[in-house]
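So the chains spell out like this:
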Amino acid sequence: MEVKVNNDIIIEVRNLSYAYKTSKRINDKTDAAVEFKEALKDINFTVAKGEKVSIIGPNGAGKSTLLLNLAGLIEHNNRNGEIFILGKILNDKNLYDLRENIGFVFQDPNDQLFSVSVFDDVAFGLINFLNKKKDPRGQNKEFIRNKVVESLSMVNLSGIENDMPHFLSFGEKKLVALATVLSYNPEILFLDEPSSNLDPKNRKDFIKLIKGLEKTIIIATHDLDLAYEFSNRTIVLNKGQIVFDGNSKSVLQDKDFLKSNNLDLPLMFNNLIE
Amino acid sequence: MGRTASILEKIVKTYGTFNINARVKLIITLTTLFFLVSTSNGNYYVLLLYFILGILISIIFKANFLFVVKRTFLLFLFPFFISIFIPFTNKGNILLKFNISFLNITITDNGITIFLTVLLKSFISIMLLSSMVISTSDAELLNGLRKIHVPSVIVTIIFIMYRYFFVIKEESHKGQLAIKSRIFKKSYKTLNKRLAFLAGNLLIKSFDRAENIYKSMESRGFDGNFYFIERNDNSKKLNWALIICFILILISIKIIEFLKILA
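As you go down the protein sequences, you meet chains A and Y in turn. First residue of the first sequence? That's 128 in the numbering used here, and the numbers climb one at a time after it. First residue of the second sequence? That's 30 in the numbering used here, and the numbers climb one at a time after it.
Heads up, some of the hints might be wrong.
Unchecked claim - Derived list of chain Y stretches under chain A, where covered just means 3 residues or more per stretch with a C-beta under 8 angstroms from a C-beta of chain A:
1) 83-89
2) 140-149
3) 187-196
4) 219-227
To be verified - DSS-like, lysine-lysine: derived pairs with alpha carbons at most 25 angstroms apart:
5) Lys168(A) x Lys244(Y)
6) Lys261(A) x Lys203(Y)
7) Lys179(A) x Lys335(A)
8) Lys179(A) x Lys209(Y)
9) Lys265(Y) x Lys300(A)
10) Lys214(Y) x Lys148(A)
11) Lys198(Y) x Lys268(A)
12) Lys260(A) x Lys222(Y)
13) Lys265(Y) x Lys164(A)
14) Lys234(Y) x Lys244(Y)
15) Lys342(A) x Lys300(A)
16) Lys148(A) x Lys244(Y)
17) Lys266(Y) x Lys259(A)
18) Lys176(Y) x Lys268(A)
19) Lys176(A) x Lys328(A)
20) Lys342(A) x Lys328(A)
21) Lys148(A) x Lys366(A)
22) Lys265(Y) x Lys220(A)
23) Lys300(A) x Lys209(Y)
24) Lys198(Y) x Lys342(A)
25) Lys300(A) x Lys261(A)
26) Lys261(A) x Lys244(Y)
27) Lys198(Y) x Lys215(A)
28) Lys120(Y) x Lys99(Y)
29) Lys176(Y) x Lys164(A)
30) Lys244(Y) x Lys259(A)
31) Lys268(A) x Lys266(Y)
32) Lys179(A) x Lys148(A)
33) Lys300(A) x Lys266(Y)
34) Lys222(Y) x Lys300(A)
What the hints contain is simulated information worked out from the structure, not anything from laboratory work. Glycine included, each C-beta is placed from N, C-alpha and C at the ideal position.
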């Protein structure tokens, strides 16, 4: 199914709903005990090419679930609605082709960095996609090595190719996790809680870095300062529904609106307005 | 004289700069082990040659010799205690006999020969493996396994186990601290009970972690196949020359054993 799209629109979400299967009682596997907890309800939005969007909301609002759905990384049986990436519907048939255009950076870099060396992790996606296309560069050591070095230098890290990810600092792990997706140059980046657990300096550097990337980036965060600094557009989710989609600057200064959605002003305004 | 000195100087210089890659270390160690294990019982002079070869390998691998000796003696205790009953359980000419009430214990010459052979073989094997492990970083060793064409699924599983060993260790340490911080009375019973819960908790956490890792691999185009790129394959010629040299030495030792030249 192809959708007629404006050339600028890169992501389109139509009537997306998602429910998690849960059990009411421990050790009870009967149908009566099974219930569905709705995590997303009737989500609709589009994202243009090169746009930077922040998805904010309180804990359990559905931010991560939405990102996982957009990246096709979640059980799709419990999903309703349609997601279009680069004009193609996201389904089983297109999923593996579309993934090449999507880079997903997980909240915890330990989930992303599973190899014994930084080199292997950064090269992993690139080698997979090249081999999938039977591109001879997938076997070209020099090409892969250059791409790995280039990706690491994009995140301001160099000379750590042979290091073991576990022994890097948390900030470095976050940067390497970003380099693992930059290596295959995806069109779209999804970042789940990119600023979590980072110290102020690393946080500032990380924001500066992702702001400078010329890609379509969607971040899910409850760091409202990050949303304010990072993007002009913010989507506010609450209880699985979009309650706001518009200008970051206006919504992130609206104390009453934020409070009604279990949020608070960004720390930078908190003192000024109170 | 001057020429000999310059050749020696050249050898020392080459030794200083030459890095044996993990693949070569693995091939040399495994081949030597294979030849060593195939030595028949009682060939002590051949085992002495393997011992000398083991020391030579340790020097070439540039392993910390003191560390090798320490680790070898420590690990040697395991085969020693396992094989301690061999002298009593083999048939042959009786050397010693003990009659302690209902127990008849006999030590045979055959038993002693097998016992000594097992001990010597295990000592040399441990020395060889220790030299390899001590002189090679873990990541290099795993890369070496890839290069000798161990199936990629097996290597990847070892890789991931190795990678997450530290994470699980850290999680376990955090869990233990969390338990200790809330135990206000010295009670080993309570502590042990909580540690059992912690083990269960770690298992659940590792399931979650495994699921997330799989998602992250899938998001980067993982289709069930692992593709590896070789790195650090410098000094190729010298490495291959070294393998050939060692194989020739091993064949020579086998010929010596077969023709009973030193017997």
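Hint by hint, here is what the structure shows:
1. 83-89: Our answer is that it is violated, as 0 residues pass the Cβ test (under 8 angstroms) against chain A, missing three.
2. 140-149: violated (count 0)
3. 187-196: Held - the stretch 187-196 of chain Y has 7 residues with a Cβ nearer than 8 angstroms to chain A, which meets the minimum of three.
4. 219-227: violated (count 0)
5. Lys168(A) x Lys244(Y): OK: Lys168(A) and Lys244(Y) at ~23 angstroms, within 25 angstroms.
6. Lys261(A) x Lys203(Y): violated, 45 angstroms
7. Lys179(A) x Lys335(A): At roughly 13 angstroms apart (the allowed maximum being 25 angstroms), Lys335(A) and Lys179(A) satisfy the hint.
8. Lys179(A) x Lys209(Y): violated, 45 angstroms
9. Lys265(Y) x Lys300(A): Violated: Lys265(Y) and Lys300(A) sit about 33 angstroms apart, past 25 angstroms.
10. Lys214(Y) x Lys148(A): violated, 42 angstroms
11. Lys198(Y) x Lys268(A): Not satisfied, since the Cα-Cα distance of roughly 34 angstroms exceeds 25 angstroms.
12. Lys260(A) x Lys222(Y): violated, 53 angstroms
13. Lys265(Y) x Lys164(A): Since the Cα atoms of Lys265(Y) and Lys164(A) sit roughly 59 angstroms apart, the hinted pair is violated (cutoff 25 angstroms).
14. Lys234(Y) x Lys244(Y): It holds: about 15 angstroms lies between the C-alpha atoms, which stays within 25 angstroms.
15. Lys342(A) x Lys300(A): Between Lys342(A) and Lys300(A) the Cα gap is close to 21 angstroms, so the pair holds against 25 angstroms.
16. Lys148(A) x Lys244(Y): holds, 19 angstroms
17. Lys266(Y) x Lys259(A): Distance of about 33 angstroms is beyond 25 angstroms: violated.
18. Lys176(Y) x Lys268(A): holds, 14 angstroms
19. Lys176(A) x Lys328(A): At roughly 30 angstroms apart (the allowed maximum being 25 angstroms), Lys328(A) and Lys176(A) break the hint.
20. Lys342(A) x Lys328(A): At roughly 23 angstroms apart (the allowed maximum being 25 angstroms), Lys328(A) and Lys342(A) satisfy the hint.
21. Lys148(A) x Lys366(A): holds, 16 angstroms
22. Lys265(Y) x Lys220(A): Violated. Lys265(Y) to Lys220(A) sits at ~45 angstroms, over the 25 angstroms cutoff.
23. Lys300(A) x Lys209(Y): violated, 29 angstroms
24. Lys198(Y) x Lys342(A): violated, 38 angstroms
25. Lys300(A) x Lys261(A): Distance of about 30 angstroms is beyond 25 angstroms: violated.
26. Lys261(A) x Lys244(Y): holds, 23 angstroms
27. Lys198(Y) x Lys215(A): Violated, at roughly 44 angstroms.
28. Lys120(Y) x Lys99(Y): violated, 35 angstroms
29. Lys176(Y) x Lys164(A): violated, 49 angstroms
30. Lys244(Y) x Lys259(A): With a Cα-Cα distance of about 18 angstroms, the restraint between Lys244(Y) and Lys259(A) holds, given a limit of 25 angstroms.
31. Lys268(A) x Lys266(Y): holds, 19 angstroms
32. Lys179(A) x Lys148(A): violated, 32 angstroms
33. Lys300(A) x Lys266(Y): violated, 37 angstroms
34. Lys222(Y) x Lys300(A): violated, 35 angstroms
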